[in-house]
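Using the hints, position chain H against chain E.
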Amino acid sequence: MAQFQSYNKILVCQEDGISNVFVNGQIVGYEVKCKYPSYRGTYLSCIEVFELYVDGQRVEDGKISFILNGKSFLLPQLKELFSEYWFILDKAVLRVWEPAGLGPGEHRVEIRIKHRIPYTGYFGEYLVIDSRDAKNVEVLDGGVELDG
Amino acid sequence: MADIKLGITLYSFTYEYLTGQYSLEDCVRKCAELGVDGYEIVATQMVPSYPYVSDEFLAKVLEFEYKYGVRPVSYGANTDRGKLFERDLNDSELVNDTIRDIQNAHKLGCKVIRAQYLLSPENLVAIAPYAEEYDVKVGIEIHNPETPSTPVMERYLEAIEKSGSKHIGFVPDLGCFATKPNIKNYEGALKKGANQEMLDYAVNLKRQGVSRGEAEQLLKDAGADPFVMSAFYDMYGYLTFHNEPDLEGLKRIMPYVFHFHGKFHCVRDGEETAIPYPEVLAAIYDSDFSGYIVSEYEGHSLRADGLIDYGAVEAVRRHLEMENRILAELEKK
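Here the protein sequences line up with chains E and H, keeping their order.
Residue 82 in this note's numbering sits at position 82 of the first sequence, and the numbers go up by one each step.
Counting the second sequence from 1 gives a position; this note's numbering is that position plus 1000.
Each statement offered as a hint is correct.
A short, non-exhaustive set of chain H residues, derived as facing chain E with CB atoms under 8 Å:
1. 1042
2. 1044
3. 1050
4. 1082
5. 1084
6. 1116
7. 1118
Simulated crosslink set (DSS-like; lysine-lysine; CA at most 27 Å straight-line):
8. H:1191 <-> E:9
9. H:1060 <-> E:91
10. H:1060 <-> E:71
FYI, nobody ran anything at the bench for these hints, they're computed from the structure.
Since the model is a prediction, treat every value here as computed from it, not as a measurement.
We put the CB at the ideal spot given by N, CA and C, even for glycine.
Isolated chain H (complex conformation):
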């Protein structure tokens, strides 16, 4: 049985943070008020001295931990392969930059790093000795449209298994298990004036496994409006969904999973509108997983779009409440 802890990524408060409503300290205090003891920090977003962690910043983090009893558990890294204007970073440079992220995470006391897919399977294996020395685990994020079983992730799995290292693995984003169109995608399109019949047609084409190119042509021939088309592109991209969540794939990679992004856009009537949390949490619960699922609110624009009437704190509260309810039900079984 798994040892699941719930946390929050401060990325959830992006809107409030960027508009100056919340300082970093406010974000951390909100985590405490929401009842968790650990948070994830996206370094490129909230570390002023990035790409380094200054002593001043560390002092703040420690002060907030002392005041609120909440500490950073995960370091969200961006694999910025394209940071140079004239060329991509080469492999050794990418490994070098990732070692810097490992040092940053270590300085902050984070035991987990979320890395991104521009760090190739070979490079992930190359950083394993450093991850081991610093005792920081580095996981490749599995984000829509990838799932644990897509060919790209199969390559990582093979490399991780072959390496024998316990310090490299995966950070699945639960959005990759979505089984319905996203609220922004579907209800947002309707709100903008999309034709519902045509939008449902787009959803059905996706459900029937029609290829993107073929579906695009069919929709255009049927005279789909631009709002339907825009939703359609998202359905085949970073807001995609599948008839069945890839839980078999998840089970296969679970030995190498040490952290999850609990992605959500909207929890309504105790359910995430697109992601089947009861099934997904049951699969995690039945594994040997030990670590955090951090709530990752991605619905920053839903309020401005008129689809919901509350901010990030209420959104996260609903998400944690749903997760706690599902986990308590699993406990009873």
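Okay, chain E solo, but in the shape it has when bound:
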């Protein structure tokens, strides 16, 4: 158990900052990046719960696009994605569709997940781990412009 928990601190990618997302110069949302907290990658179907909190508030699942392997998914879809592999060095983008974006400065970004370790289950029960990580993340200048 302890050997898995020690990776929690890589979940929220502080160094990548928060980017506001623009379409034709208008803010349509913001993005943060995250990595899978383990020593190895996993199938997205092993992520049973995924929650994003910004400045202490839970972000509604419906507003979030989970972007990985060049594809965009809804959070409730993750547990069906047994063919999508999250490589341990790849960063998933969490894009939140929020017309106000996020204001300048630091914001508290917290991710909480429940994930199943698929090669455990010796006695029938798989190890399902709670991982959480919260960091102060800075909004970057400029942001990301999506194709119009």
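The following block gives chain H in isolation, referenced to the frame of chain E:
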């Protein structure tokens, strides 16, 4: 007499790799600098195109082999029976996924696969024809708290013997021969503030063969602190140890062993702090074993815990130095 080659599993560099200090190429170069010619790769950790091996990835592996003279010899597979949310993979699906691992290993030029115990003895036998066709040997890892003689491994032995195949067998992790509490477990607990007298009491209960349930009650009644209890659970679990290493069991399975994980946490004053390498290597040396023992450093957190002051490369260097010294002594006899 055995033909023992020393290698390194890139898993040893997990901390440096995950924190971005080492790329895959750095890991391979370190292997060359440490003086080995073969490495193990844990596919779920280091193959970006997993569960497949892309041509781009293979090109990188070949480039590194050309540059550094080190190549992959073993493919660490994870038997992910629980990858579906709603149910376990069934037997034919597990066999199917393992065939994919055999193809991946073959593509990389690895002659050995480490599989895990969720691949049942029956399924291991079922993949034997594919292992033979691709000429890749598939071994079930024997990891603490299992040893070569535990009932689970006896079942594998029986199935392997009955199959008559030379392409299925075992990959013992030398951690299963530990005879002392692990450094993280014991010294780490003390560092956190565990009561030493109580910790020694826990060690003694394990040494005396007191059952887990009974020992747990005795410790709680004696007022053991949470650090002692946490160490205690590890001592009865994946960091367990035995008064005597199961070398008799090892001797029995040796005809079916083609690869070892040279597990270690800490080599200090030329000795692994928990695993009796001189005895274990002597047993392997006296067999007909031909293959690699790959150094598998598991002490990724020891530096952060303040128990050692060096990283993975120095840890592996010490481990190889110890193994080379012991093997040279055996050679002289």
